[in-house]
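Here is what each chain is made of, one letter per residue.
Protein chains: 2
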Amino acid sequence: MNNFIFYNPVKIVFGEDKFYNTSEYLKILGKKHLIIIGKGSVKKYGLLEKLESMIKENGSSYIILEGVKPNPVIEKVREGIEIAKKENVDSIVTLGGGSVIDTGKAIAAGYFYNGDPWDLFSKDIKIENALPLMVILTVSATGSEFNPISVIQNDALKHKIRIQGEKLFPKFSILDPKLTVTLPKDYTAFASVDIISHVLEGYFTSDDDNTPIQDGFTETIVKSVINSTFKVLNDPENVKERANIMWAAALGLSGITTAGIGKFKFENHLIEHALSALFDIPHGAGLSIVIPAWMKVNSEKYSRKFYLFGKNVFGIDGDKNYVVKKSIEELEKFFDDIKSPTRLSFYGIKDYEEIKKNVIECAPTRNLKIDYDYISKIIELMK
Amino acid sequence: MNNFIFYNPVKIVFGEDKFYNTSEYLKILGKKHLIIIGKGSVKKYGLLEKLESMIKENGSSYIILEGVKPNPVIEKVREGIEIAKKENVDSIVTLGGGSVIDTGKAIAAGYFYNGDPWDLFSKDIKIENALPLMVILTVSATGSEFNPISVIQNDALKHKIRIQGEKLFPKFSILDPKLTVTLPKDYTAFASVDIISHVLEGYFTSDDDNTPIQDGFTETIVKSVINSTFKVLNDPENVKERANIMWAAALGLSGITTAGIGKFKFENHLIEHALSALFDIPHGAGLSIVIPAWMKVNSEKYSRKFYLFGKNVFGIDGDKNYVVKKSIEELEKFFDDIKSPTRLSFYGIKDYEEIKKNVIECAPTRNLKIDYDYISKIIELMK
Chain A
1 MNNFIFYNPV KIVFGEDKFY NTSEYLKILG KKHLIIIGKG SVKKYGLLEK LESMIKENGS
61 SYIILEGVKP NPVIEKVREG IEIAKKENVD SIVTLGGGSV IDTGKAIAAG YFYNGDPWDL
121 FSKDIKIENA LPLMVILTVS ATGSEFNPIS VIQNDALKHK IRIQGEKLFP KFSILDPKLT
181 VTLPKDYTAF ASVDIISHVL EGYFTSDDDN TPIQDGFTET IVKSVINSTF KVLNDPENVK
241 ERANIMWAAA LGLSGITTAG IGKFKFENHL IEHALSALFD IPHGAGLSIV IPAWMKVNSE
301 KYSRKFYLFG KNVFGIDGDK NYVVKKSIEE LEKFFDDIKS PTRLSFYGIK DYEEIKKNVI
361 ECAPTRNLKI DYDYISKIIE LMK
Chain B
1001 MNNFIFYNPV KIVFGEDKFY NTSEYLKILG KKHLIIIGKG SVKKYGLLEK LESMIKENGS
1061 SYIILEGVKP NPVIEKVREG IEIAKKENVD SIVTLGGGSV IDTGKAIAAG YFYNGDPWDL
1121 FSKDIKIENA LPLMVILTVS ATGSEFNPIS VIQNDALKHK IRIQGEKLFP KFSILDPKLT
1181 VTLPKDYTAF ASVDIISHVL EGYFTSDDDN TPIQDGFTET IVKSVINSTF KVLNDPENVK
1241 ERANIMWAAA LGLSGITTAG IGKFKFENHL IEHALSALFD IPHGAGLSIV IPAWMKVNSE
1301 KYSRKFYLFG KNVFGIDGDK NYVVKKSIEE LEKFFDDIKS PTRLSFYGIK DYEEIKKNVI
1361 ECAPTRNLKI DYDYISKIIE LMK
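Protein sequences, first through last, are from chains A and B. Taking our numbering, the leading residue of the first sequence gets 1, the next gets one more, and so forth. Taking our numbering, the leading residue of the second sequence gets 1001, the next gets one more, and so forth.
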């Protein structure tokens, strides 16, 4: 095991109808909240209205920032910071999924930063302070509800970059699985791809055998998400299975599966971020295109892990080469079964050189070095 | 999944030689520390001396409370509170295993309580405040380094009771696996029994199928601890395997395997606490006597879980009844293999009625009701 520091002080409030207990946590955060939402599904299903009434019952006030896009952009962060400063809010409350949370985190940090908030992403600036943040989750995917990471896109530069810092942990995350049952089938599938990708990025960081607990946790999460995803796609209102996915998503990037695995590379995310920055496709859909290709190119390097993955997650028996190959096929088949795309052609994307350029350009923001030959091999298999 | 709140703000500093980086965390806790140690192994191996020199280099001061016993007692807590008040310390630093940590937590809370500290254990008093606590771990077993629980014994009453409260979380826990390599073989075995017991208490709380992630995490920890224990018993200085056990122990009662499983009963611990309170035997040794007997009495009630346990942890194939029975045999065989006792006769204990009385008497402190017939059946199989 590698040395590590594990620290995650988020208070997770998990369970059916926990949304309706939000008042007591809102009170702790102050008297004036900036509510952040996406494109309106929280209005459609009455969640925003309910949140507003809970704030009013507390004798508190709020302003709403709406219109956060699925791939959240720095313009919205700038807009939010301006409002937060002008209205002198005490806290940020995000009602939505990962894009809303990440926007909220960037606003929370940018509020105390003198300068353009994109600096926090593009330069190596320590986040010294941030407004307190509450998450009310409606889409389980990114795990942002249980970590101190924010990923934001700069449309002008076509860069999608992440920041991280202890001040960005949400104070409270309300995880009420009932709030996720209205998520459409395609986005339910994309979300599951995202969850699986997070734990696998850590798993395929090394081929060593010195992290059996972390590896077992990852295999458990992948297996569990696969089972529950099939069930919710057949029965979208199955709260029990939605709950299972919700907890898997939160754990997925909480640090618990990755503590001790060493510095991990997140290469699949680097490549996917190029896709969503360039073509504005859903992040999970991009990942199901990237992952099988990345795996095929890297299967020899991590053959011990791919063998375990095939054996423990998919129950594949046989000799090592067979299990390794079959494990990748099985995962790709799962993506096909849940109708998450596995080729760029699904979106008619053919700008291969532009993708490569973006990946090579953004790699240093993750302390990675990607060479042209390597990324070309992966893109070839994504076509 | 049941509703739950998950909150664990301990900062874990994990890795080889991390003990030698303790200074920076000590500084954060203040200028005057109360160091708590056990019966002297930390002196023998030079750890106390090193800690003292790190504190001096910080320009800070300290007092030492020594002599905490493996089953920690309330007298020592009283003594520690008196010293802490008289010397006006800023923080508590425990250098040792679970008994030292639990004593430290009770002192930290008792410092702010006006009254006898046993009240905190025997009455239902909320812990409003506590001194900040740093853990430097030398024995991985109880998981106290990563939770807000303290278990203390009252010798006069022969009661062993636990308290729990957010204020009791350590601020920092230094987990340096090198500090655990000198642990003797018998205590290494008892420690592993303790770790396994913690996760299994949660696992066998319900026979439902709605916590697949939590169940998979538990199976992973048990499997991993079994593998690593055999390795360290053959090669006590194997830091890699000690590290694995160390992380398993910390996770074991951190809340991560039990979030969502509902209220769990900890019956094995209730029964074992009677044994260590009455006969002063090591906690882990008591557990390896209790667990197989408890399992045999409860195997039908949790037959689905025992089947999974046998299949996923021990790789047992066959029909359900066979796997259930065999899974208990395999765990008992593991206890035998590592020389942790599985019968009361090992210690010549024959006071069966006294054990039953203690269990029935202490059950309400855990909100349990244990009837005479039920505990008699279990004791019968422990003889």
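Read the hints as simulated data drawn from the structure, not as lab findings. Be a bit skeptical, because a hint or two may be false.
Think about it this way: if two alpha-carbon atoms lie no more than 27 angstroms apart in a straight line, the pair counts; the simulated DSS-like pairs of lysine-lysine are [said to hold, decoys possible]: (1) K171(A) <-> K1377(B); (2) K1240(B) <-> K265(A); (3) K27(A) <-> K11(A); (4) K1167(B) <-> K263(A); (5) K158(A) <-> K11(A); (6) K1377(B) <-> K311(A); (7) K1377(B) <-> K1325(B); (8) K1339(B) <-> K11(A); (9) K1171(B) <-> K126(A); (10) K311(A) <-> K1320(B); (11) K1240(B) <-> K1339(B); (12) K311(A) <-> K1171(B); (13) K325(A) <-> K296(A); (14) K263(A) <-> K1325(B); (15) K27(A) <-> K1171(B).
None of these values were measured; they are calculated from a predicted model.
Comparing the hints with the structure gives:
Annotation: proposed proximity of K171(A) to K1377(B) is violated, straight-line Cα distance about 47 angstroms (limit 27 angstroms). Between the alpha carbons of K1240(B) and K265(A) the distance comes to roughly 23 angstroms, so the proposed pair stays at or under 27 angstroms and holds. Of the supplied pair hints, the one linking K27(A) and K11(A) holds, its CA atoms being roughly 15 angstroms apart against a limit of 27 angstroms. Straight-line distance between C-alpha atoms of K1167(B) and K263(A) comes to about 32 angstroms, which puts the hinted pair past the 27 angstroms bound.
Distance hint between K158(A) and K11(A) is unfulfilled; the C-alpha atoms sit about 34 angstroms from each other, more than 27 angstroms. The suggested pairing of K1377(B) with K311(A) is violated, with an alpha-carbon distance near 40 angstroms, which exceeds 27 angstroms. Of the supplied pair hints, the one linking K1377(B) and K1325(B) holds, its CA atoms being roughly 17 angstroms apart against a limit of 27 angstroms. As the CA atoms of K1339(B) and K11(A) are separated by approximately 41 angstroms, the hinted pair breaks the 27 angstroms bound.
With a C-alpha separation of about 22 angstroms, the suggested pairing of K1171(B) with K126(A) holds against the 27 angstroms cut-off. Using a Cα cut-off of 27 angstroms, the hinted pair K311(A) and K1320(B) holds, with the two alpha carbons roughly 22 angstroms apart. Distance restraint check for K1240(B) and K1339(B): the Cα-Cα separation of roughly 22 angstroms lies within the 27 angstroms cut-off, and the hinted pair is therefore satisfied. Restraint check: the Cα-Cα separation between K311(A) and K1171(B) comes to about 40 angstroms, which exceeds 27 angstroms; the hinted pair is violated.
Proximity of K325(A) to K296(A) is assessed by CA-CA distance (about 8 angstroms); at most 27 angstroms being required, the pair is judged to hold. Taking the CA atoms of K263(A) and K1325(B), the gap is near 43 angstroms; set against the 27 angstroms cutoff, the hint is violated. Distance hint between K27(A) and K1171(B) is fulfilled; the C-alpha atoms sit about 25 angstroms from each other, no more than 27 angstroms.
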